[in-house]
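All chains should be built: construct the whole structure from the sequences, respecting the hints.
For the sequence shown, numbering that gives the first Met the number 0 begins at 0 and goes up steadily by one.
Rather than coming from a laboratory, the hints here were simulated on the basis of the structure.
There may be inaccurate statements among the hints.
As the list claims (entries may be wrong) - In silico DSS-like links for lysine-lysine, alpha-carbon gap of 25 Å or less:
| # | residue 1 | residue 2 |
| --- | --- | --- |
| 1 | 90 | 170 |
| 2 | 4 | 90 |
| 3 | 4 | 162 |
| 4 | 5 | 170 |
| 5 | 90 | 24 |
| 6 | 130 | 24 |
| 7 | 90 | 5 |
| 8 | 170 | 2 |
| 9 | 4 | 170 |
| 10 | 5 | 162 |
| 11 | 90 | 2 |
Keep in mind that this is a model prediction, so the values were computed, not measured.
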Amino acid sequence: MNKTKKLALGGLLIALVTVSTMAIKIPMVATSGYIHAGDSMIYLAGVLFGPQFGLLAAGLGSSLADLLSGYSHWALPTLIIKGLEGYIIGKIAIGIGNRNSSLEIRDIIAVLVGGAWMVVGYLIAGAIITKSWTAALGSITGNIGQAIGGAVIALPLIYAILKTDLIHNIKDN
0 MNKTKKLALG GLLIALVTVS TMAIKIPMVA TSGYIHAGDS MIYLAGVLFG PQFGLLAAGL
60 GSSLADLLSG YSHWALPTLI IKGLEGYIIG KIAIGIGNRN SSLEIRDIIA VLVGGAWMVV
120 GYLIAGAIIT KSWTAALGSI TGNIGQAIGG AVIALPLIYA ILKTDLIHNI KDN
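Encoded structure:
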């Protein structure tokens, strides 16, 4: 894939993560954060395009959503937590051998491990930001729901996209 195409794809994935994060926000009072559907696009970016695109789309897209939505106090932790989430997902899904044109067990494992990292990352960041492990523990249920909801949205989309030639057309041309 040439540099122009990589730049365009990266920008598109960042925008998808930002918009899906901002579209529906459910506030979490205990940590002054929110839950959202952005993880679905993080999962999609990491599984379909690998760790580099996963890292950039997740980190930049999610932190941009925080900045644009008035959650600037979460932007730096989000950049790190979501960036690593996207990287982990991409590394597990693509970093192990060649990819088939179908959803694989490693894709599901990648989403589960990435989602688990996100829950742990926000637990730690929440405790630091609120100076309270009790408040941070209150966010676990919402973050688990966000991870599961993201998987429910992303996995069928990934399956459908992999059944087409779209990914090969993007990567090969």
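Cross-check of the supplied hints:
1. Annotation: proposed proximity of residue 90 to residue 170 holds, straight-line Cα distance about 17 Å (limit 25 Å).
2. For the given pair, residue 4 sits about 21 Å from residue 90 by alpha-carbon distance, which is consistent with the 25 Å threshold.
3. This hinted pair checks out: residue 4 and residue 162 have alpha carbons roughly 22 Å apart, not beyond 25 Å.
4. A distance of roughly 9 Å separates the Cα atoms of residue 5 and residue 170; the hinted pair therefore holds under the 25 Å criterion.
5. Under the criterion of a C-alpha separation no larger than 25 Å, the hint pairing residue 90 with residue 24 is inconsistent with the structure, at around 28 Å.
6. For the given pair, residue 130 sits about 24 Å from residue 24 by alpha-carbon distance, which is consistent with the 25 Å threshold.
7. For a cut-off of 25 Å, the pair hint linking residue 90 to residue 5 stands: about 18 Å separates their Cα positions.
8. Between residue 170 and residue 2 the CA atoms are separated by roughly 11 Å; this keeps the pair inside 25 Å, and the hint holds.
9. This hinted pair checks out: residue 4 and residue 170 have alpha carbons roughly 9 Å apart, not beyond 25 Å.
10. Among the hinted pairs, residue 5 with residue 162 is consistent with the structure: their alpha-carbon atoms are about 22 Å apart, no more than 25 Å.
11. Using a Cα cut-off of 25 Å, the hinted pair residue 90 and residue 2 holds, with the two alpha carbons roughly 21 Å apart.
Going through the hint list in order, the structure does not satisfy hint 5, though it satisfies all others.
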